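Participant: In case you want the letters, here they are:
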Amino acid sequence: MKARIFLLFFALLSTSCMQHTVVTSGQQTVKSFIINPTNQWNLIPKQFSFAGLPAWTVDGGSLNSLIFISEISHGDTLLPSTNDKKLDTYDKDMLPNEIIEFIESTLLIYTDAKITNRGTLRPIKIGVDQGFEFEFEFVKNDEVPRKAYIAAASKNEMLHLILFQATKIHYYGHLIDDVKNIISSAVIKT
Amino acid sequence: MNNIKNIFFIFLVAVIASGCATTRSFSSVDSLNQSYTKNISTIAVMPPDVTLSILTAGGALEPQAEWSIAALNNIDSSLVVIDNKRESDFVEYLRPDESDPIYKTIVEHEQLHRAVGQAILFNKLQYPLPTKKNIFDWTLGDGTKAIKDFTGADYALFIHVNDSYSSGGRVVLQLAAALLGVGVNGGQQAGFASLIDLSNGNVVWFNYLQRGVGDLRTETPALITVELLLDSLPD
Amino acid sequence: MLVIPSASYSFERLTPEFGSNYAPNLAKTEAGLWMEFSDHENQLKNSPVRINDIDLDGYLKEVLCKLALEYCEDVRVYVIRNPYFNASMAPNGMMQVHTGFLLRVENEAQLASVLGHEIGHFLKRHSIKSMEDTNTKSSFFAFLSLGVVGAVASGNMNADFGRSTLDLSNLILTGSIFSYSRDNEREADKYGIQLLNDAKLDINAAKEIWVNLIEEKKAASEDITAGSYFYATHPDPGERINNLESHAIALNRTSQTSIIKNKETYWEKISPILPIALKDELNLRQFEQTEYLFKKLLNNNVSLGLIHFYLGELYRLKEIEEEEHLIKEHYNKATEYEDYPAEVHRSLGLIDYKARNYPEAKGHFNKYLNMKPDAHDKEMIEFYINTGA
Numbered sequence: 000m001k002a003r004i005f006l007l008f009f010a011l012l013s014t015s016c017m018q019h020t021v022v023t024s025g026q027q028t029v030k031s032f033i034i035n036p037t038n039q040w041n042l043i044p045k046q047f048s049f050a051g052l053p054a055w056t057v058d059g060g061s062l063n064s065l066i067f068i069s070e071i072s073h074g075d076t077l078l079p080s081t082n083d084k085k086l087d088t089y090d091k092d093m094l095p096n097e098i099i100e101f102i103e104s105t106l107l108i109y110t111d112a113k114i115t116n117r118g119t120l121r122p123i124k125i126g127v128d129q130g131f132e133f134e135f136e137f138v139k140n141d142e143v144p145r146k147a148y149i150a151a152a153s154k155n156e157m158l159h160l161i162l163f164q165a166t167k168i169h170y171y172g173h174l175i176d177d178v179k180n181i182i183s184s185a186v187i188k189t
Numbered sequence: 000m001n002n003i004k005n006i007f008f009i010f011l012v013a014v015i016a017s018g019c020a021t022t023r024s025f026s027s028v029d030s031l032n033q034s035y036t037k038n039i040s041t042i043a044v045m046p047p048d049v050t051l052s053i054l055t056a057g058g059a060l061e062p063q064a065e066w067s068i069a070a071l072n073n074i075d076s077s078l079v080v081i082d083n084k085r086e087s088d089f090v091e092y093l094r095p096d097e098s099d100p101i102y103k104t105i106v107e108h109e110q111l112h113r114a115v116g117q118a119i120l121f122n123k124l125q126y127p128l129p130t131k132k133n134i135f136d137w138t139l140g141d142g143t144k145a146i147k148d149f150t151g152a153d154y155a156l157f158i159h160v161n162d163s164y165s166s167g168g169r170v171v172l173q174l175a176a177a178l179l180g181v182g183v184n185g186g187q188q189a190g191f192a193s194l195i196d197l198s199n200g201n202v203v204w205f206n207y208l209q210r211g212v213g214d215l216r217t218e219t220p221a222l223i224t225v226e227l228l229l230d231s232l233p234d
Numbered sequence: 000m001l002v003i004p005s006a007s008y009s010f011e012r013l014t015p016e017f018g019s020n021y022a023p024n025l026a027k028t029e030a031g032l033w034m035e036f037s038d039h040e041n042q043l044k045n046s047p048v049r050i051n052d053i054d055l056d057g058y059l060k061e062v063l064c065k066l067a068l069e070y071c072e073d074v075r076v077y078v079i080r081n082p083y084f085n086a087s088m089a090p091n092g093m094m095q096v097h098t099g100f101l102l103r104v105e106n107e108a109q110l111a112s113v114l115g116h117e118i119g120h121f122l123k124r125h126s127i128k129s130m131e132d133t134n135t136k137s138s139f140f141a142f143l144s145l146g147v148v149g150a151v152a153s154g155n156m157n158a159d160f161g162r163s164t165l166d167l168s169n170l171i172l173t174g175s176i177f178s179y180s181r182d183n184e185r186e187a188d189k190y191g192i193q194l195l196n197d198a199k200l201d202i203n204a205a206k207e208i209w210v211n212l213i214e215e216k217k218a219a220s221e222d223i224t225a226g227s228y229f230y231a232t233h234p235d236p237g238e239r240i241n242n243l244e245s246h247a248i249a250l251n252r253t254s255q256t257s258i259i260k261n262k263e264t265y266w267e268k269i270s271p272i273l274p275i276a277l278k279d280e281l282n283l284r285q286f287e288q289t290e291y292l293f294k295k296l297l298n299n300n301v302s303l304g305l306i307h308f309y310l311g312e313l314y315r316l317k318e319i320e321e322e323e324h325l326i327k328e329h330y331n332k333a334t335e336y337e338d339y340p341a342e343v344h345r346s347l348g349l350i351d352y353k354a355r356n357y358p359e360a361k362g363h364f365n366k367y368l369n370m371k372p373d374a375h376d377k378e379m380i381e382f383y384i385n386t387g388a
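Protein chains in written order, with numbering that gives the first Met the number 0: chain A, 0 to 189; chain B, 0 to 234; chain C, 0 to 388.
Please note: incorrect hints may appear among the correct ones.
[Unchecked claim] With a Cα cut of at most 25 Å, we get these calculated DSS-like pairs of lysine-lysine:
no. : chain 1 : residue 1 : chain 2 : residue 2
1   : C       : Lys-260   : C       : Lys-199
2   : C       : Lys-278   : A       : Lys-84
3   : C       : Lys-216   : C       : Lys-199
4   : C       : Lys-44    : B       : Lys-103
Calculated directly from the structure, the hints in this document are not laboratory data. This structure is a prediction, so every number in the text was calculated from the model and none was measured.
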């Protein structure tokens with residue numbers, strides 16, 4: 000009986016409301032990013048988002064999501080470390096090519112994702128900050144193939160990046176222009 | 000087994016008590032894409048993806064080929080019965096040869112469909128997306144045009160059934176999983192059917208097999224199940 | 000239970016549990032697994048993680064058929080892009096070999112010893128039997144639930160829960176090298192070496208794989224992560240090696256054994272997957288393990304330009320001051336070989352750029368772009384060239 004009560008209590012604690020909420024359109028701050036989305040996005044509850052990071056979706060996380068990663072300092076891992084996975088760490092002097100290596104390694108170790116096709120890696124500005132964008136295709140095991148777009152910049156020796164992922168068929172192409180629009184007017188807070 | 004049932008019950012209470020649960024009646028989605036008015040003339044029935052498993056006393060899920068094949072056969076014969084009552088025709092769809100490029104296209108879209116189906120279950124029925132409250136615009140994209148050319152049909156019917164049976168009736172694992180704070184294992188324990196407009200890939204109709212109803216293992220109940228599953232399937 | 004062989008042990012041959020061209024009786028568990036895996040197989044065949052090299056597939060099938068003989072048509076091999084050392088066999092005859100496995104095999108005889116081991120599991124229907132065993136079933140369910148929790152905790156980039164649970168449970172369902180009972184492992188080892196010998200390949204190869212893995216594990220003492228199935232699930236290899244040695248001795252007494260390894264053939268056929276396999280291995284950031292492995296690969300005398308490049312990459316990423324000289328040492332060595340990768344110059348360029356040696360950096364970046372005019376990062380490299388002071 001005690002065990003049951005404990006389980007009930009535990010269950011009550013852990014079942015906080017796990018629902019998606021609307022991301023209202025208009026300028027707003029997500030972590031270190033100031034961005035201006037249109038009104039089609041939903042905020043994914045932390046329990047379901049990738050690595051518990053702030054993430055938005057239009058059609059559901061398994062079809063597409065926009066993930067925000069902020070203020071990665073020298074020596075930090077890209078994603079919250081778990082005990083059993085030893086992840087690569089960020090170095091403030093990394094050039095964009097090296098940051099891609101850092102991301103690719105992290106994705107492989109953390110989630111078994113393999114990059115299957117590399118798209119263009121080019122310099123861009125995010126607000127006033129010099130950064131880069133990178134497009135690639137990836138897959139996890141035999142799941143539905145996906146495509147991703149990263150926009151990142153280093154500011155004050157910290158890395159900030161936005162990652163958009165979607166199914167390669169249809170959903171990536173459907174939303175990438177909207178995502179690039181968001182990036183083109185994004186600013187990283189000082 | 001009893002222990003597991005008790006835990007499920009407790010978690011169920013917990014969810015309801017937390018005030019966050021919506022009532023979990025998984026009936027067919029009503030507010031679909033109402034804007035389609037085209038006449039449906041031909042429907043290609045994609046080979047149903049059916050796996051029926053038994054949940055053993057030890058808690059293992061054992062796929063049962065006999066059940067699954069019986070279910071497949073029952074679905075097939077049910078579809079024939081239903082076809083006769085309908086205006087539009089079910090078209091038999093034969094899987095192309097592996098060397099044919101359309102084979103890969105079809106496999107890719109079946110794979111995408113599974114992901115889209117799961118997204119509908121997860122993001123429409125269980126953890127709804129507020130932006131989709133009155134919209135149903137899930138789609139496979141217009142890559143399906145190639146499938147339309149190949150099959151000669153206007154629409155495709157996908158049926159996915161992954162279901163488990165235990166001796167005491169169905170055990171819905173997904174609810175427990177959801178209550179443990181993890182995502183719903185919708186693909187494993189759900190039955191869903193969808194109708195795809197092959198000219199643009201849009202899901203024009205979607206239904207979820209309501210738990211507790213029907214048994215796909217034997218013919219007569221299977222027919223009822225399939226009829227229910229395809230109940231509101233547009234003529 | 001198999002008895003551990005003694006000095007006067009004589010080798011008794013094993014036989015298959017079913018005839019060739021087998022299709023299981025629908026009513027049984029087995030048929031359910033066959034069906035489940037046929038669906039899985041269709042997805043896998045067309046997945047981007049499957050490496051689709053016709054020559055390599057043909058070679059693997061050839062080796063498989065040397066071993067499996069009349070069961071040749073019952074088994075299909077797929078090369079899967081995965082950096083971990085593993086090979087697995089599904090109950091329906093679908094075999095997967097990981098690129099991480101192919102990288103660690105030294106010759107055809109070693110390849111055949113593991114394929115033979117997997118065929119042994121298949122012919123003795125071990126995965127079916129373990130599904131039917133009650134102990135395995137309960138833990139399977141627990142594992143399945145764990146899989147769901149694990150999937151979220153490790154943060155799937157998507158909510159593809161239904162299928163991903165099945166993927167996680169693959170380890171048990173499909174019967175990898177590591178997931179059977181000790182008796183089944185012993186039996187498969189024995190069957191494998193029997194098949195190896197029948198195929199007239201070097202029977203000492205069977206134990207070599209495990210000896211090598213122990214060596215690698217010793218070298219990698221700092222790198223143990225639970226993500227590596229090898230470290231998490233590997234049964235004690237000591238006993239295994241002893242048994243394989245005993246089997247080899249017993250076989251030697253009664254039959255004509257061979258020392259054929261076919262090393263050159265093996266490396267010729269494997270070479271197309273090396274670039275991707277080496278990169279994935281390095282991406283694990285397990286430097287000690289990888290260093291050991293890459294150095295060992297130099298001994299094969301193939302793709303040396305590529306391997307020296309990756310050794311350079313390893314030291315570049317490792318960032319240990321005392322080893323800094325090794326970076327350029329290996330890149331420079333790579334350039335001595337005809338087919339060295341253009342990326343050598345990109346990496347040298349990055350190093351020079353960061354050290355503010357801009358003229359040298361430009362030289363290397365330009366060389367990279369000359370060698371690879373359609374590089375995906377061309378615009379980025381041009382940016383470095385233009386912004387170097």
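Participant: State the violated hints by number, sorted upward, taking the hints as numbered earlier in the document.
Facilitator: 3
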